[in-house]
Amino acid sequence: MPEPIQTPVPAADELAAQVLLLAQSRLTADLRFLSSALEQLKPIPVPALDTLFAGDGHRLYYCPETLLRTFRAQQSVPTRALLHVTLHFLLGHPFQRQEMDHRLWNLACDIAAEEVIRELEIPSCALPDDAAQDSWRSRLQDACPHLTAEAIYNFLLERQYPADVLAELTQLFSRDNHALWYAAPRPGSRPAPNGQLLPAGEDEDITNETELRKADTRDETLQQMQQRQKEALRRQWKQLARQAKTDLETFSRRHGKRAGALMDGLEPVTFEECDYTDFLRRFGAQNEVLQLSEDEFDLIYYTYGLRTYGNVPLVEPLEYRDDKRIREFVIAIDTSGSVQGDIVQSFLQRTCDVLRQSGSFTERVEIYLIQCDAEVQSVERLTSLDQLHELIPRLKLRGFGGTDFQPVFAYVDRLLEEKKLTNLNGLLYFTDGVGTYPEKSPAYKTAFIFNRDDHISPHVPSWAIRAVLTTDNIRLLEPQKTRTEEDTESWI
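Numbering follows the numbering used here, with no gaps: position 238 of the sequence shown is 238.
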């Protein structure tokens, strides 16, 4: 009787690679919009790794023995951890500013990634101990309307939890090692998540050598080269985030509300801040500015007439041209309790400067500056940009109540009915939050400018234009104050 053929058992490294491939296949099947992101991380086995996974944006480091042991105990864990690591890079967690408290930032990123996973409700990622997270998830959801890493970090920073509470949270939400986020690799080697250096492969040696040559030709320091590489990696993952967001908004809409936390997390990564100068030009109206238009007649015929008949040009130039100029304009400022006076001042100053530099206004103008929280608190009528410029340093904010946008629209409608405004070019409403909008569309162009450092753009009605400016962007073109302006400044 012939002896049975024995199939050789694959080595541990090969089995671990198969487990990792299985986890990736499960995620690709469940979350098609993440397929490109999942392929971005090249698996690298590291036997000495002290955790299940660690990533640097290019590679996914894993310990084969730990991976197999974890898979035997609970098959969903590798799939969950792989999604967790991938989400970190897709949501831009490793690319934030370095001066943050690393422990709190790591924890905030882990909580944000886990929140996305829990909301998606993927069966292949469900774990028996998920319920242990629920009490903290509920507490965080009450404190942070949008559970992004930035919002959670600010919450943790404000609460100043003791070390034992932070350790409990880390135990509940952590799935990977973040050491490589802050590492500065040396050419010819790659960092291991346990703090040691691993020998580079041939392809990595070639890459590092090439990068060093580029650095030499650019007179670039090693630190500058590393910063350039990190910025290139950030842009690469930003593009992947855009692809995922587009897919979620189109082909993968079936995920619906379950992808809410993911969409919130993708907003800061894919956010493109508007050009405020161009934005204001949208409010220009076609008004005739009387002047010669040198580009609206044929110079050949014109000079021919002068040459042949003396001072008798065949074609007269037009006496005017259409130009985008503003005659009447309303600026509304949300003065609810969360408003910051210096931010409002910077916004008004920048708005004034942009309009002055662009020549967007006609000589005679009507500008209404309205302060409003839940009701109109103050109205200033101005007839020139110079008056607005002079008003800004001495303007006092009034209000600090709730937020309701309707009183401003009612006031402007009354100005139109009383013929105090006859050629209104638009209403610009500066706010940092969500308020009550009018039920009906106004008869004039309206834009809401949201001051949001979380890059999340609140919902606005279909008739309104929406833009988001961060605090840094608002302050970008703030002019240097003169000593007189500093002395007379009286902001709250």
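Hints may be right or wrong, so weigh each one.
Unchecked claim - Derived pair list, reagent style DSS-like, types lysine-lysine, alpha-carbon separation capped at 30 Å:
{"hint": "1", "residue 1": "420", "residue 2": "445"}
{"hint": "2", "residue 1": "245", "residue 2": "230"}
{"hint": "3", "residue 1": "419", "residue 2": "440"}
{"hint": "4", "residue 1": "445", "residue 2": "396"}
{"hint": "5", "residue 1": "419", "residue 2": "445"}
{"hint": "6", "residue 1": "420", "residue 2": "396"}
{"hint": "7", "residue 1": "42", "residue 2": "230"}
{"hint": "8", "residue 1": "245", "residue 2": "420"}
Unchecked claim - Label-pair ranges, simulated between beta-carbon atoms:
{"hint": "9", "residue 1": "39", "residue 2": "231", "range": "18 to 28 Å"}
{"hint": "10", "residue 1": "121", "residue 2": "459", "range": "16 to 26 Å"}
{"hint": "11", "residue 1": "224", "residue 2": "380", "range": "48 to 58 Å"}
It is worth saying that the hints were derived from the structure and are not from the lab. Glycine included, every Cβ here is placed at the ideal spot set by N, Cα and C.
Practice item. Could you grab the alpha-carbon distance between residue 445 and residue 396 and see if it respects the 30 Å cut-off? Key: With Cα atoms ~27 Å apart, residue 445 and residue 396 stay inside 30 Å; holds.
Check your understanding: Given the hint that residue 419 pairs with residue 445, does the C-alpha gap stay at or below 30 Å?
Key -> The given pair, whose Cα atoms are some 18 Å apart, holds under the 30 Å limit.
Check your understanding: Holds or violated: are the alpha carbons of residue 419 and residue 440 at most 30 Å from each other?
Key -> Roughly 21 Å between the alpha carbons, so the hint for residue 419 and residue 440 holds.
Review point. CB of residue 224 to CB of residue 380, is that within 48 to 58 Å?
Key: Holds - the Cβ-Cβ distance for residue 224 and residue 380, about 49 Å, lies within 48 to 58 Å.
Review point. Given the proposed pairing of residue 420 with residue 445, does the C-alpha separation stay at or below 30 Å?
Key: holds, 17 Å
Point to revise | Satisfaction of hint between residue 230 and residue 245, Cα-Cα up to 30 Å | key: The hint holds at about 22 Å.
**Study point:** Satisfaction of hint between residue 420 and residue 245, Cα-Cα up to 30 Å
**Key:** This hinted pair is violated, its Cα atoms lying about 46 Å apart.
Check your understanding: Is residue 420 close enough to residue 396, meaning Cα to Cα at most 30 Å?
Key -> Holds, because 25 Å separates the two Cα atoms, which is no more than 30 Å.
**Study point:** Cβ separation of residue 121 and residue 459, checked against the hinted range 16 to 26 Å
**Key:** holds, 24 Å
Review point. Is 18 to 28 Å right for how far apart the beta carbons of residue 39 and residue 231 are?
Key: holds, 22 Å
Practice item. Would you check the hint for residue 42 and residue 230, treating anything up to 30 Å between C-alpha atoms as holding? Key: holds, 17 Å
The structure shown violates just one earlier hint, number 8.
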